[in-house]
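Just so you know, the sequences run in chain order A and B.
The first sequence runs 1 to 295 under our numbering.
The second sequence runs 1001 to 1325 under our numbering.
In case anyone wonders, no lab produced these hints; they're calculated from the structure.
Just so you know, even glycine gets a beta-carbon here, dropped at the ideal spot from N, CA and C.
Accuracy of the hints is not assured; some may be wrong.
Stated by the list, open to error - For the chain A half of the interface with chain B, some residues (derived, Cβ under 10 Å), not all of them:
| id | residue |
| --- | --- |
| 1 | 99 |
| 2 | 133 |
| 3 | 139 |
| 4 | 254 |
Said to hold, decoys possible - Stretches of chain A that chain B covers, calculated by requiring three or more beta carbons in the stretch to come under 8 Å of a beta carbon on chain B:
| id | segment |
| --- | --- |
| 5 | 27 to 33 |
| 6 | 110 to 118 |
Said to hold, decoys possible - Using 16 Å as the maximum straight-line C-alpha spacing, the simulated EDC-like pairs for lysine to aspartate or glutamate come out as follows:
| id | chain 1 | residue 1 | chain 2 | residue 2 |
| --- | --- | --- | --- | --- |
| 7 | A | 52 | A | 258 |
| 8 | B | 1231 | B | 1198 |
| 9 | A | 52 | A | 107 |
| 10 | A | 108 | B | 1029 |
| 11 | A | 108 | B | 1198 |
| 12 | A | 52 | A | 259 |
Below, each chain spelled out in residue letters.
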Amino acid sequence: MAGLAGLAGTGVAVKTLRGRHWVSGAMIGTTYLAAVLATLPLLLILWHLLKKGASSLSLAFFTNMPQPVGEAGGGMANAIVGTLTLIGIACVIGLPIGIGAGIYLAEKRTTPIAQTVRFLSDVLNGLPSIVMGIFAWEFLVRPVGHFSALAGGAALGAMMIPLVTRTSEEMLRVVPVSLREAALALGYPRWRTSISIVLRTALAGIATGALVAVARIAGETAPLLFTAFGNQFWSTSLREPIAALPLQIFTYAISPYDEWHAQAWAGALVLISIVLVISLAARFATRSRFGAPVD
Amino acid sequence: MTAVSAQAQQKDRRRLRIHDAAIGDRIYEIATTLCALVVPALVIAIALAVFAAAWPAFAKLGLSIVTSSNWEVGAGQFGAAPAIYGTLVSSAVALIIATPLAIGVAIFLSEFSPLWLRQPIGFLVDLLAAVPSVVYGLWGIFVLVPMLRATVMPFLRDRLHLGSTPFFSGPAYGPSMLAAGVVLAIMALPYISAVSREVLMAVPRSQREAALALGATRWEMIRDAVIPYAKSGIIGGIMLGLGRALGETMAVTMVIGNRPEISASLFAPGYTMASLIANEFSEATNDLHLSALMAVGAILFIITLIVNAVARWLVWQVSRGRVSP
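One chain only, chain B, in its complex shape (with noise of 0.2 Å):
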């Protein structure tokens, strides 16, 4: 073997190995690419899935889907009012009560816990994230709504003298828009509190250092230095909670009661959209029926959709740092 031939033999066995390499490296980028562009796939997907099924339903019923609070399968009356209603009020609920505590937690945590307590307590927040939502449901039914109706609403309706107010009017049954509201404030609170604690941290250091040098007391250097720069993104946290109410199941069908009425009263029973669809779906009666619980499940797709666009869009802001402060 002459050593041109031998050199040569080792320059194409190099060629060789650059040439497996740039096949491998297609080939890793191709499978990479397409493993990410699942995600866009999937929500076109979906979206195609939830209107396809809704498709007949908006066809046949138009917009007195969305209007009527006239549910009755054996009429072919499908108006889901009652239930977007009821999605809207129990989350709203929800909200009132989760915000301040989560906000509070925020701050308690990012600004005055003893630094042994705060991974612990951060971590017993955020494992209220993973109790799975049938878990609440059972807890609600057997432990909050029996406390709901024998201490609380008597509480608030007689003590507090909030009977007269339509809200708090009436018998308390127990499965009602309240006990919702309550677990529905447990579930979205891990979320709310993540994120404001994410967005209170990234606050600059800078900016509390100069409020309490101008001589503002700690309250006032959260108050008028750490939160006005953090708003945005404790905005978006809501909305990230306002998102899991909306769309949360099982929980809430376990404690809401399950009735197709609009009443003013927190105490009354009702119905939430998601809640509707898992109630009726295995017993479905004709085509018609299931297409108007996946128009309900259609309408809950775009308002979902919408809070978390916007949810996701504010929080980015603060974290990539473009709202001034």
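Chain A extracted, bound-state conformation (with noise of 0.2 Å):
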């Protein structure tokens, strides 16, 4: 109770009853203003997304090539088609080996190696993403001399590996011990029992894991600069360099010219729709089969 010698020590006897209730409803009522003004930004950005984008969104934006400036119906058909290769080439790479990851990390807990692994993959996880750009630049677009979109879904990838390797591992912790015992028990080998009894039981927490890193890596762009580079073309070809949402959004964004800034903002609304309905499925996904989490 070291904390509560704190108590005596801060004078709190001299001051009135009164006035400490005072204090203490007015620092309440201070982290209500908190609570308050931590969720503004967040619904003023939605207001302005809502009301800039929208506008300029119709069917011709999802269909329709960017045109140039001072032409009308132009879209973003490339760099949707663009990011949502992007994340495939991310999740081929990124998913396998954070479920293996966070499969290891499940079952050896505490030994060395896991340990290690764990506090190397919550550090990897806080490395500035532009980081990962120069490292997939540097072994995947240096050497062959031109961006593309396969380093561009590798920079992405890599961002995804911590992330899963740290939900998975969450996940299949829950997961009773009995279970594994019982199959063990009925004659299964160790591999079967991971595979077919304890990934399976967890396999709504790591799906959900695998959306929230999805709906993380959707919106990066400082990697995307490097790697995928963007491309104002159609291109579906991974060795090309490819467009990307993001990228789209940050061009016409400093573009100096009105009809782009209107395009970006109808991108970003795109874009956060994306990552808005993969979170919220994310969210539901575990409650439903979890039931509520307990506070």
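Two chains, each in its own frame: build the complex with the hints.
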């Protein structure tokens, strides 16, 4: 109770009881205010996105290619397809490795290697995405001599690995040991126990983790500057530079043209809709599986 | 078929199956171990890539990359001091704004919130982390910056008479260190509040009950019994937010003004390491320029690596319960 020793030390006894309750009420009120202030930015951003983005949003936006300034009817079809392609590559790289590493951590728990891997994936999680871009550029763009969708997907995939690793581990740990023991007692080999019993039980949770990771990387821009680079034309080749929604929004936002600004807002509205839908899906996937999270 | 041979056959088959299982277990173990080892390999590969790319610049320019504030591509001068300064100052501004708010929300959610509000508000704050940084940047350019220029900056400078201090003096440009700090504050907030909430929830109930039983008001309970217990975890959360702010690229690039000068005023444009790399990478004219940008990336890598490692260590201490209250 070292903390409570502070009670006497702060001279609380000198103040009147009413004064202390007044201070208490004021501070509690302040935390209410903090809650309001903290939720305000998100609501403001969503409001502005809807207000400024919805008017430029039409079917043409999804089906047309970008147009030069002054020509009406431009869209971001190539950027939307490009972003989906990049997410696809990232998932192919990030999901198997991340889930595999998660299984390892959940099964080995306290071995030195597991501790190190756990710590490093947390650290990796906090590394700036632009550093991830430099990494992919050095290994996948520089030796080849040109930007490519593959390099962009690899950078995003590398960002997914630590995220998926940690969420998978946490979900696998929740699976009761008795389930595993029951399977082993029935003569299942360890690997089948892990795959058809443990992994299957935790599948919804792991899927949630994967969705959260996808939501995180879907809007990443910085690593793509060095890797996917962006493309004004239609391209689905993995060896060529590819357009991406965040890159297109960035280019349009810093341009001096009003029409492009409007396009940027529309693009941002599409991007945040994708991210929000994925985030909400992730949230409800866990909720229905495990019931409401316990506080 | 005699009974003996049938028995032998069955035994054989069983041995075979056990053998299969052993091989399967082996393959399974090797596969998951390899996956796990990808993580440390990735950290090493990232370090190698960044330093390999940065090496020519470090060899040629030495420490002047860090100390010089002269960044002239034509003259072969690459001093990134203004960018390093800008990174540190914008992150500091972000933390000054975000920390009280984030801890306030965390306390609200863990102690005072009505049950029905807890989920939605927690979710809304968490969602801030999901908003792509380019969206923050777009909002920053067209909503936040004009608002700062038109109302907040004149208010701070003229109404509050802060113009006499060097921090709030000079013309209100709009794109500025302050704008970057505000955007970064919004972006760091969910990280700080998520970790703080988690460690506050981890404080044992008995700790709170004991304080109340001794006659503490609800606020005194938080201040004297809960926060000291959760302190190092909260500091860890703040450092995680700091890590985010230091490395953030797109949103900052879009609102900070990108001018490589050191100015005490938060109203003046600035530069950060990440935005320097993002801006000049595609226009890098020669190998030294490119390598100098990578050197800036290497410095950023080291700083964020240290900040994150310390942050994680602090949070772990609390969640493992190794810290005595």
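Hints and how they fare:
1. 99: holds, 8 Å
2. 133: holds, 9 Å
3. 139: holds, 6 Å
4. 254: holds, 6 Å
5. 27 to 33: holds (count 6)
6. 110 to 118: holds (count 4)
7. A:52 / A:258: This hinted pair holds, its Cα atoms lying about 12 Å apart.
8. B:1231 / B:1198: Holds, at roughly 12 Å.
9. A:52 / A:107: violated, 50 Å
10. A:108 / B:1029: holds, 11 Å
11. A:108 / B:1198: It is violated: about 25 Å lies between the C-alpha atoms, which goes past 16 Å.
12. A:52 / A:259: holds, 12 Å
The structure fails to meet hints 9 and 11 from the earlier list, while all remaining hints are met.
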